[in-house]
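Student: So you can see what is in the structure, the chains are spelled out below.
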Amino acid sequence: MSRPEIYSPEGLRIDGRRWNEVRHVRCAINTHQASSDGSSIIEQGNTKVICNVVGPGEPTGGGVGGSGGNQRAKDDNRVILTVKAVVAPFSTIDRRKRSGNDNRVQEMCLTIQHIFEEAVMGHLQPRSQIEISLYVLSQDGGMLQACINAVSLALVDAGIPMYDYVCACTAGMYDKEVLLDLNRLEENDMPFLTMATLGATRKVALMQLETRVGIDRLEPMMAAAMSGCHHLRDVMDAEVRKHGKSRLARTGV
Amino acid sequence: MAPNLKPSALENAFVLKALTENVRLDNRSFSQMRNLDISFSSTEYGVVDVRLGRTRVIVRISAEVTQCRSDRPYDGLFLISTEISPMAAPTFEAGRKSEEELVISRIIEKSIRQSQALDTESLCILAGEKCWLVRADVHFLDHDGGLLDAGCMAVSAALLHYRRPEISIVGTGNKREVVVHPVTEKVPVPLSVLHVPVCVTFSFFNMKLADNDDEEMDTDAPDQTAVLVDASLQEELLRHGFMAVTANTNKEICQIYKAGQLVVEIETLLSCTEAAVAVAEKVTKLIKRRLKEDEATRNVDNIFEEARAENTRLVADEEAIREMDKE
Amino acid sequence: MPLSLSEESYLASSLSLRPPCRPDGRDQHQFRPLDASAGILPATNGSARIRLCDGGECIVGIKAEVVESRKEDVALVEVQCDIAGVQSNSPLHTFLCTTLETALRNTLPASRLSIIHRYTYKLFIDGIILDHVSHPLTLFSMTVYLALLDTRLPKLIPSADVASTTTSTSSSDQPIGLPQFESDWQESVPLCDKAWSPPLVQLAVLAGKNVFVDPTGEEAGVGDGAIVVSWHQGKVVGLRTVNTRDSSKQVFSASRDVTEALTRVVS
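Residue numbers (UniProt numbering), protein chains in the order written: chain A, 1 to 253; chain B, 1 to 327; chain C, 1 to 267.
Heads up, a few of these hints could be off.
The calculated lysine to any residue pairs, modelled on SDA-like cross-linking and capped at a C-alpha distance of 20 Å, are [claimed, not checked]:
(1) B:97 / A:105
(2) B:175 / B:125
(3) B:208 / A:163
(4) A:203 / B:268
(5) B:186 / B:268
(6) B:97 / B:74
(7) A:203 / B:193
(8) B:130 / B:67
(9) B:285 / B:193
(10) A:84 / B:9
(11) C:209 / C:23
(12) A:84 / B:103
(13) B:17 / B:31
(14) B:208 / B:9
(15) C:122 / A:95
(16) B:208 / B:83
(17) A:97 / C:89
(18) B:6 / A:184
(19) B:251 / A:211
(20) A:203 / B:43
(21) C:194 / C:241
(22) A:84 / C:23
(23) B:282 / B:271
(24) A:97 / C:42
(25) B:208 / A:121
(26) A:97 / C:155
(27) A:84 / A:118
(28) C:194 / C:105
(29) A:203 / B:240
(30) B:130 / B:174
(31) A:97 / C:88
(32) A:203 / A:176
(33) A:84 / C:85
(34) B:251 / A:215
(35) B:208 / A:184
(36) B:186 / B:43
(37) B:282 / B:6
(38) B:251 / A:177
(39) C:155 / C:67
(40) A:97 / A:177
Keep in mind that the hints were calculated from the coordinates and are not lab data.
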């Protein structure tokens with residue numbers, strides 16, 4: 001079988017998208033009413049993540065940050081976030097068991113914790129704890145972005161006050177073409193960055209680049225990623241509003 | 001027993017207030033690094049002592065011949081160990097990985113290993129059988145902020161300075177063996193370093209918090225972020241967010257890490273990456289100069305003139321192997 | 001929330017009545033309603049998700065890998081799980097995984113996984129228990145059962161090489177005769193058919209002389225003991241007692257009732 005072309009001269013990608021198209025996003029909130037206070041499922045292409053949020057509640061201690069991080073939060077009278085992520089061994093094409101203290105997964109948890117410590121109006125719930133659990137069921141590129149979006153939705157569902165959605169998107173650079181929202185094949189083949197913005201603003205909560213890229217390529221990538229983030233915000237907002245409407249209809253208001 | 005390093009509220013207010021007046025407590029400008037000093041061990045190759053202000057990091061490179069990994073038969077191995085011991089600062093506990101240590105080790109890993117600063121393919125000796133294992137042990141001796149930057153620079157410099165022992169392959173077919181010649185016997189060879197990554201950390205301060213301690217965030221207000229290069233420990237503890245950018249002299253960005261905390265306008269981030277390239281150029285120049293000085297002290301009687309021939313000798317070896325294979 | 005002492009004793013006595021009275025009004029052999037779906041993850045060979053009404057949820061994905069079968073004693077099934085809120089490698093993990101692993105290894109004929117004589121499939125069954133209020137064994141086993149039913153293996157393309165490899169004595173590291181598979185997933189063969197269906201492991205709680213299937217967390221807490229029954233194609237293939245507080249004799253006398261009850265429920 002010949003190697004599939006990442007970006008054809010006609011401007012089509014492996015999965016038939018144009019450069020500026022994101023993958024199909026399917027999201028739902030309030031999917032696990034019985035087991036959590038807020039929950040969401042998000043599918044971005046073939047990447048699928050479930051997020052459960054429990055809280056705000058009494059702090060139990062522990063968590064990713066360890067006691068040190070929580071101690072600081074207690075001193076500051078701020079909310080304590082704990083993030084746990086489980087990356088399913090069957091989520092990749094070849095089965096791969098990641099242990100719970102894998103550095104990459106831990107780093108991701110820490111990153112998500114830091115993002116939402118800033119996005120949540122923490123001073124409104126001093127010294128209470130919000131537990132976030134993430135389950136990555138299927139990976140096809142953009143695990144971090146899907147996790148961030150899932151947490152955003154689940155926190156909204158849990159009714160936790162936030163400044164805005166935190167929405168994340170990836171963008172890559174193939175030769176001289178910017179491609180938005182990469183899948184796994186594309187991620188392996190080109191430098192890309194993950195960006196998260198606070199709502200539809202120009203404020204960046206997260207920016208991560210893990211591959212070498214010329215500095216002149218950075219700006220177009222950042223611009224594309226940002227527009228992707230803004231698009232995802234609209235998608236997520238539409239879903240939350242849709243859910244809100246159906247709930248209102250049920251209560252008969 | 002770990003004493004809490006957290007500065008008091010008064011210190012916090014004072015530093016922030018000073019920043020609104022464009023003053024840093026150590027009288028640097030916002031984009032000025034502390035005094036950087038790099039020195040190499042006079043006896044050993046690949047031992048580097050980096051001092052960034054009062055922060056001090058020592059890196060030691062070592063190499064040994066081991067088995068190749070079965071899934072990567074053409075690659076050598078490269079490990080970076082970054083354990084922060086209580087020697088750097090009493091807040092670090094031995095054996096227990098703190099948040100900071102996790103971030104530092106991941107960023108150094110991404111900056112140097114994932115950006116392929118060391119050509120791992122050149123570390124392969126016999127495909128699928130023997131390869132070099134290069135280890136970089138980072139020892140953080142004193143912590144006054146900027147452990148990450150100092151650590152990254154030190155690893156880069158140490159890789160450039162290190163010379164691995166010369167090897168030759170004896171025997172044919174399945175009975176080939178690798179003989180490692182001691183440094184005293186044959187002139188050791190440098191590693192193939194493709195580029196020199198330099199990590200620069202930018203600390204962000206939200207200046208709105210300087211005036212009133214009210215934590216209410218106004219998303220529409222214009223950005224009031226102070227960006228500091230190379231924060232001291234005190235500034236590091238008080239900052240509201242940071243971004244670590246690794247750049248090299250080829251005007252390439254190897255890694256960007258900005259994870260949460262204070263949200264910053266995209267333009268600010270972009271100008272930071274440009275500043276990082278400038279810093280990388282300066283630091284690389286210093287590393288190269290120090291390397292040259294170091295070589296001059298070692299090469300007193302021009303004894304390394306022989307070393308120039310190392311490449312031709314390597315080629316000859318390879319040809320010999322090829323001939324053996326034919327037989 | 002833990003029950004008070006008096007609540008506990010009330011529950012215990014109402015469970016040991018004849019006929020018993022369960023707090024949720026269920027029949028002795030009645031399961032709670034559950035929500036099950038299969039084939040949720042396209043990147044796996046088989047997957048399933050089951051959610052209980054108490055919030056318990058389990059997701060199982062099965063991956064089949066081709067391994068060389070020449071090594072003796074190659075374990076063809078590996079079960080691993082991850083339980084939210086429980087440290088990994090806890091006794092609960094070991095209990096869940098080994099129970100299911102034994103049940104599967106005892107009932108799954110190796111011929112079902114063999115491809116050609118040198119190669120065989122190895123099944124990796126990984127479960128994530130997102131939340132559990134009652135004991136997760138029944139939930140986990142049901143999800144694995146469903147995922148196995150959903151499991152499909154790619155169809156082998158019969159090739160001429162296969163015949164030649166059987167006779168040739170090629171060295172072991174030469175991948176001659178690697179099985180070729182149909183790339184069309186529509187052509188894949190289901191693992192389970194009429195001749196074999198997966199085993200199911202159930203936890204039942206005893207209270208007095210009564211036996212309850214699908215116990216809630218509270219029921220399991222006040223019961224006299226619990227038994228684990230492995231059931232496979234109409235037969236009980238394994239029986240184990242766990243957590244027996246007292247009167248193991250009573251447990252065994254009741255175990256026959258349980259197996260009967262379970263057979264009725266499951267079929």
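Student: When you check the alpha-carbon spacing of residue 97 (chain A) and residue 177 (chain A), does it fall within 20 Å?
Tutor: Cα-Cα ~35 Å, so violated.
Student: Would you check the hint for residue 97 (chain A) and residue 42 (chain C), treating anything up to 20 Å between C-alpha atoms as holding?
Tutor: Holds, because 19 Å separates the two Cα atoms, which is no more than 20 Å.
Student: For the pair we were handed, residue 186 (chain B) and residue 268 (chain B), check the Cα-Cα distance against 20 Å.
Tutor: Violated. Residue 186 (chain B) to residue 268 (chain B) sits at ~52 Å, over the 20 Å cutoff.
Student: Do the alpha carbons of residue 282 (chain B) and residue 6 (chain B) lie within 20 Å of each other, as the hint requires?
Tutor: violated (32 Å)
Student: Compare the distance between the alpha carbons of residue 6 (chain B) and residue 184 (chain A) with 20 Å, and conclude whether the hinted pair is satisfied.
Tutor: Violated, at roughly 42 Å.
Student: Residue 251 (chain B) and residue 215 (chain A): Cα distance at most 20 Å?
Tutor: holds (6 Å)
Student: Would the hint linking residue 130 (chain B) and residue 67 (chain B) be met if the CA-CA limit is 20 Å?
Tutor: Given pair residue 130 (chain B), residue 67 (chain B) holds - Cα atoms ~5 Å apart, limit 20 Å.
Student: Are residue 209 (chain C) and residue 23 (chain C) close enough, with their CA atoms no more than 20 Å apart?
Tutor: Holds, at about 17 Å.
Student: Compare the distance between the alpha carbons of residue 208 (chain B) and residue 9 (chain B) with 20 Å, and conclude whether the hinted pair is satisfied.
Tutor: Satisfied, since the Cα-Cα distance of roughly 16 Å is no more than 20 Å.
Student: Quickly compare the C-alpha distance for residue 203 (chain A) and residue 43 (chain B) to 20 Å and report which way the hint goes.
Tutor: violated (51 Å)
Student: Does residue 176 (chain A) lie within 20 Å of residue 203 (chain A) when you go C-alpha to C-alpha?
Tutor: violated (26 Å)
Student: Please work out if residue 84 (chain A) and residue 23 (chain C) have their alpha carbons no farther apart than 20 Å.
Tutor: Outside the cut-off at roughly 34 Å; violated.
Of the numbered hints stated above, those contradicted by the structure are hints 5, 6, 7, 10, 16, 18, 20, 21, 22, 26, 32, 35, 37, 40, listed in ascending order.
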